[in-house]
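There are 2 protein chains.
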Amino acid sequence: MKRFELIQKLKQISDEKIVMLVLDGLGGLPKNGKTELEAAETPNIDSIAKNSDTGLMTPIIPGITPGSGPGHLALFGYDPLEYIIGRGILSALGVKFPIRDGDLAARVNFATIDKNGMVTDRRAGRIPDDINRKMCEMIRQLKIPGVEFFIETEKDHRAALIFRGSKLSENISETDPQKTGVAPLPVKPMDSSKASIATAGLINKFLQQVRKKLQDEHPANMILLRGFALFTEIPSFQEVYGLNACAIAGYPMYRGLASLVGMKVIEVDSGVIPQFNKLKELWGKYNFYFIHIKYTDSYGEDGNFDKKAAVITEVDRNIDKILDLEPDVFVITADHSTPATYKAHSWHPVPVLLKSKWSRKSCINKFGETQLLKGTLGIINTPDLMTLIMANSGRLAKFGA
Amino acid sequence: MKRFELIQKLKQISDEKIVMLVLDGLGGLPKNGKTELEAAETPNIDSIAKNSDTGLMTPIIPGITPGSGPGHLALFGYDPLEYIIGRGILSALGVKFPIRDGDLAARVNFATIDKNGMVTDRRAGRIPDDINRKMCEMIRQLKIPGVEFFIETEKDHRAALIFRGSKLSENISETDPQKTGVAPLPVKPMDSSKASIATAGLINKFLQQVRKKLQDEHPANMILLRGFALFTEIPSFQEVYGLNACAIAGYPMYRGLASLVGMKVIEVDSGVIPQFNKLKELWGKYNFYFIHIKYTDSYGEDGNFDKKAAVITEVDRNIDKILDLEPDVFVITADHSTPATYKAHSWHPVPVLLKSKWSRKSCINKFGETQLLKGTLGIINTPDLMTLIMANSGRLAKFGA
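Chains as they are written, first to last, in the working numbering: chain D, 1 to 401; chain L, 1 to 401.
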């Protein structure tokens, strides 16, 4: 029996409230003997940790570094090796495009080509958003027989492109040559199926039209396509867990990921205080609150150890805003590690804390990677967190007699 | 390669003796800082633990609370999400019914209905066993074309019912309305297969006959059926491990589970001393001894923290009765946690201790949930215990060259 079947079979109705606080990229590596989390001042979280289940989680499998998509799907309890969300889909979700089963999405870069069709700038000088919007509007005037398409501005030179038609294939090659001085690549079918051949042909015709339409523009006179991905609907949070969930997240990608699993996406400014305040404002309307704090990851990617630690300290100083609401289950964790010394997402297990009235007692005095090895949960797989949350909130009946 | 294939490939013959002592529901939650096991006086077990492999085990997956069936199958090394034993089958095994592949079993409640057929008591006033036996005898006089059936008294108002015929289906609905003042529900097929439709029809005809047969009886004048389950034979302990196993268990369900995997079920009174004495009496006749102590779980379910701890203390005081026999592998563990504060089975990992001459040394001074986090085994999955037992008793060859 698979995980979701098991949950379907056992799930119970409850009004217990759950808060999942995700500090993006929280996990770190030591610098002068301490990780970012260990260097941060976290007296409040440390005190919670002593009476909570704690441990570490492996997002995918040991050694595999997750992107934001699989990292969050795992946090939401979806097997990240089964539910694969392509980059194009994440772009489409990020611009709130109402994507449907069978749609084919791709990431667009506006680019500059010379009169011989050679790419001179893969990002068209990072055009401002209003130029991007103008270019999208021009492209929308095109027509391709047999397929609908949609193009939506993301930011700077980036846009999302969605094709809607019957039997589209994602198994086609990208057009971004990844360097300048050469022409954009033609789309090629990556297998011999009719769908892949037809889809490649169709997109090549579309790209010819785009080139003609934009020929007198500058610097954005061509588009490059990457990350072709078909959208397949996935079971919603409500269907899987019976939870009425909302997402308090400021950044488009995480809002998109939350909407993908059917969470209600809340308008909020990014930042620890506005996001925690929003939780209080919404308290009682939902029974699952996903709060996504972005800056731990951003500073990790920048290699800024101190600022990453400072964001964690800020979370600690404000954690009472959450605790005062008395959630029945409170989780602090991460989608992946982003060690400041590594300056990128990494594969290292991530810290986790789960507080409920059914927690065992962790004998640790600091919520940090080193001590968490002695935590009550050990090292679990990230998708197991949701079954633990369900159990701790009285939402899972016994399996078998 | 699956676990059982791997074991088949590697298993060796040995005469080393194994004792698996299962303290049902042993795992707990802290009350005043200590769990039941930590509050118990266990100087003898603590001293064994120092020279043993120790750790914790997750019975199913994190967050999933096992019933006794999946909990024990996992202890016996069977994947509890693959080998699913329905409630009806457990009832049939509990009354020692010689169940066969393809039999359909259900749990029976004798109930009281009024002259309009409405249920007035779902348990027929918890009739004594002798009335139950009389009712079963009356029902046995019925005949249904195309199918054999067997009904056996369990206890009070409960009985086990087994249908034997070709192509029976378990995918049919239960008849217990779960409340009074309404009629028993008809059995409905839960899918559109011929087998489900035919089975539902057949059982409805049987129930009409039962109603007619018992119409002048009181209070047990009807039966309610729950937990329909088809029996599929599972590989025996002998086949899987080559072990000649016996079960020293006092309670029907655990005796039934042991017989399901082909263990020889020994007659014994329930209780630490009689069960440990029985082990000594049998010593040498088998090479695997499963001893099941029930009361840790019962007191956990009752919320009686102190009495649960007292049972553990009693086990400790008598543990020499086992050690004096010098088993080659000695295991103390549990099928699941039943924290007295939770008053029910729970999902928390269970303590485990494995003593053999090949154990590593655990740096713990108390056999309890908190210290076991530092044990040599870490947190393993319960089905892994049997491969460890096999290895420690010299029964598994090297895998690959």
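Please keep in mind that the hints were generated in silico from the structure rather than gathered at the bench. Be careful, since some hints might not be right.
Repeated chains share a single entry, so a pair holds when one copy, or any two copies, can fit it.
[As the list claims (entries may be wrong)] 25 Å max Cα-Cα, derived DSS-like pairs, lysine-lysine:
1) K143 x K31
2) K357 x K374
3) K398 x K343
4) K17 x K280
5) K307 x K361
6) K366 x K31
7) K11 x K343
8) K179 x K115
9) K307 x K343
10) K280 x K361
11) K213 x K115
12) K9 x K34
13) K179 x K50
14) K307 x K398
15) K205 x K50
16) K194 x K366
17) K31 x K398
18) K343 x K17
19) K374 x K143
20) K398 x K278
21) K134 x K212
22) K361 x K374
23) K143 x K188
24) K179 x K343
25) K321 x K17
Hint-by-hint comparison with the structure:
no., hint, result
1, K143 x K31, "neither (56 Å within a copy, 70 Å between copies)"
2, K357 x K374, "both (20 Å within a copy, 24 Å between copies)"
3, K398 x K343, "between (44 Å within a copy, 13 Å between copies)"
4, K17 x K280, "within (13 Å within a copy, 52 Å between copies)"
5, K307 x K361, "between (31 Å within a copy, 22 Å between copies)"
6, K366 x K31, "both (17 Å within a copy, 23 Å between copies)"
7, K11 x K343, "between (40 Å within a copy, 19 Å between copies)"
8, K179 x K115, "within (17 Å within a copy, 81 Å between copies)"
9, K307 x K343, "within (13 Å within a copy, 46 Å between copies)"
10, K280 x K361, "neither (28 Å within a copy, 39 Å between copies)"
11, K213 x K115, "within (14 Å within a copy, 84 Å between copies)"
12, K9 x K34, "neither (44 Å within a copy, 34 Å between copies)"
13, K179 x K50, "neither (52 Å within a copy, 44 Å between copies)"
14, K307 x K398, "between (45 Å within a copy, 24 Å between copies)"
15, K205 x K50, "neither (62 Å within a copy, 60 Å between copies)"
16, K194 x K366, "neither (58 Å within a copy, 61 Å between copies)"
17, K31 x K398, "between (45 Å within a copy, 23 Å between copies)"
18, K343 x K17, "between (35 Å within a copy, 22 Å between copies)"
19, K374 x K143, "neither (61 Å within a copy, 63 Å between copies)"
20, K398 x K278, "neither (35 Å within a copy, 32 Å between copies)"
21, K134 x K212, "within (16 Å within a copy, 81 Å between copies)"
22, K361 x K374, "both (11 Å within a copy, 14 Å between copies)"
23, K143 x K188, "within (21 Å within a copy, 54 Å between copies)"
24, K179 x K343, "within (24 Å within a copy, 62 Å between copies)"
25, K321 x K17, "within (15 Å within a copy, 49 Å between copies)"
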